[in-house]
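Q: Spelled out from the first residue to the last, the chains are:
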Amino acid sequence: MKILVCFKAAPNVEMLLDEDWVVDKKLLIDTSFVRNDLSAHDESALEMALQLSDASRDLGMHVELNALTVDGPGATPILKTLSALRFATAVRIEPGADFLFQPTAVASIISQYIRLHAPPDVVLFGSQSDIGENAKTPLLTAEMLGWLCITRATRIVPTDEEHMTVTHQVDDGHARETVRVPCVISVGDAPCTYLRKPTLRDRLSYGKKPIAVLAEEDFQLPEETETLMDLEILRHERDAAIIAGESPAAKAKVLYEDYLKPLLSRP
Amino acid sequence: MKFKCILNGCAPNVKARAEELNSFIGTYLGNAALTGSTILFYANQEDRPALHDLVPTKSVELVRVGGYQPEIILDALKCTEDKEDTFLYLFPSGVVGAELAVRWAFRKNGSSLVHVEQMTLEKGGLMAVKKAYADHVRATFRLDRQPFCISLAKGSVERVPITGRENLQIIEHDLSGLNGDGFVRDTQWIPAEQARDLTGAKLLIVGGRGLETRENIRQLKEMAGAMGAEFGISRPVALNAWEPMHRLIGVSGTIARPEICIAAGISGAAAFYAGIEKSKLIIAINTDPQARIVKAADVAIIDDCMAVMDELTKIFMFDCTEQA
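Protein sequence lines correspond, in order, to chains D and Y.
Using my numbering, the letters of the first sequence correspond one by one to residues 1 to 267.
Using my numbering, the letters of the second sequence correspond one by one to residues 1 to 324.
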């Protein structure tokens, strides 16, 4: 079985200070000086692909893992890590513009890439990136490919060469379904899916493979149907009153007597 | 011009989503010269009599299907909507609303936006507001191509009960024969372990990564129980599987509106804060005075949160005993 995981590195905006939150004329916020991390759901998707590969090997099935990102050179360290984790290919498509709020363009590039190269059996995505929060790329990719789609997966178990069992979130619960490939799966909040670290030996043996870089010009871009018009920074400030005291007990007493008790005793 | 609400009656909590749509329609479409109707999917015949009370518009198409699968629902929508000239489709918050909105817009050659908080109709277009940049920013988008398909953001509106459905116009369809191309070989439904409704909780105590261990989380949960409080967790705790996912507070979990929220060992990432920002009083307990949650709280204690919570529980228990 051949699996393609599509991911995006995103700036860790929790590291920005209040004064860093400034919207520029192009309706962007400069995050170039903070570290790029994997979006949480993308990290889960990559680790779930590795877990799926491990489980398939136990069943005597071969899984080939491949990684793809439509992102700038900042994603290269992550691609090298994935090579060290024995992903067969690690490909970066250099975007000609900022695609932060253009999920249709990203989905179009990914679906064209899939058609042009040997199509995988399964395409895995994180449900949404932490920054754009569009939550549309996996769904649009499935529609463009004409493939079936499972969203917000929390567990994937191999069944046979043509099927897998996917547990995924739906409204008010989960569904566990045996589905056939090819399909697109987006990964949601999946416990115990922090991306594993490659060994030093694997970093040296596999991590130095060159990363394939393609240009956006190789792909046709569709017209976006949604246009970003404005960004407004949200400030969450309530001017906290700090409770002082010599010990946790003293502070807890003030908290209870002055704040909790009056509110809790109200009917 | 017509708008339509799409509701998944196969899910147990469809009433909450219908009331959410009812509120959204009242807020953003109440004065518009539009005709609204609802398409309500359901699977079990025994649910059929109660469906009238779930309709936020004056007419409804009740569509019986074999169960919820997006492929089946999209095929069913194609059957009922093929010749319809609908300019706006409203989908509720949640997993199902978001996935259907995007895919249905693509199939209808329209435009879509998910997790929408506010909406304005404009000549030929629609402006919609949602969060971005890990919930630090409110972004406004213009949707250019009809039909517009939007799904609501969780907790963006207060639910409004649905009343006066006596003259409801009903059209029925039985599409239970659709099978979604046989993509799914078998399905097992796993209902969520029911967390109590936190909307009106008096006291909510939430534990975060700062508690450091599964044992500390367990102890904090016990303290919450002793104080009669609801208990929640932040995302890192949920991803460590120290507590079940249904206790997650924040954008991808519960949007709570308690009277008092104690955030213990929580850094205060915006995606978490969205889950408690409607609390009347937010109390932060954290060793780091620079933590984002400290600024965003009404009251803060800079100290070891387990030590403070332990003392707070003792004081609470003592006071209860005294009053008894």
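Bear in mind the hints are in silico, worked out from the structure with no lab data behind them.
Hints should not be assumed to be uniformly reliable.
[Stated by the list, open to error] Each pair of labels, with its calculated beta carbon distance range: (1) D:T159 with Y:E122: 22 to 32 Å; (2) Y:R107 with D:A55: 47 to 57 Å; (3) Y:E84 with D:T159: 50 to 60 Å; (4) D:A250 with Y:N13: 36 to 46 Å; (5) Y:E215 with D:E161: 38 to 48 Å; (6) D:G72 with Y:N31: 29 to 39 Å; (7) Y:N31 with D:A250: 51 to 61 Å.
Quick reminder that beta carbons are idealized off the backbone N, C-alpha and C, glycines included.
Q: Each hint needs a verdict: does it hold in this structure or not?
A: The hints, checked one at a time:
1. Between D:T159 and Y:E122 the Cβ separation comes to about 49 Å, which falls outside the hinted range of 22 to 32 Å.
2. Our hint of 47 to 57 Å for Y:R107 and D:A55 is violated, since their Cβ atoms are close to 34 Å apart.
3. Restraint check, Y:E84 to D:T159: a C-beta distance of roughly 39 Å breaks the suggested window 50 to 60 Å.
4. Separation of D:A250 from Y:N13 is about 44 Å and conforms to the stated range, judged on CB atoms against 36 to 46 Å.
5. Between Y:E215 and D:E161 the CB atoms are about 43 Å apart, so this pair conforms to the stated range of 38 to 48 Å.
6. Separated by about 46 Å at the C-beta atoms, D:G72 and Y:N31 break the suggested range of 29 to 39 Å.
7. Here the CB-CB span from Y:N31 to D:A250 is close to 56 Å, well matched to the stated 51 to 61 Å.
Of the numbered hints given earlier, the model fails hints 1, 2, 3, 6; all others are met.
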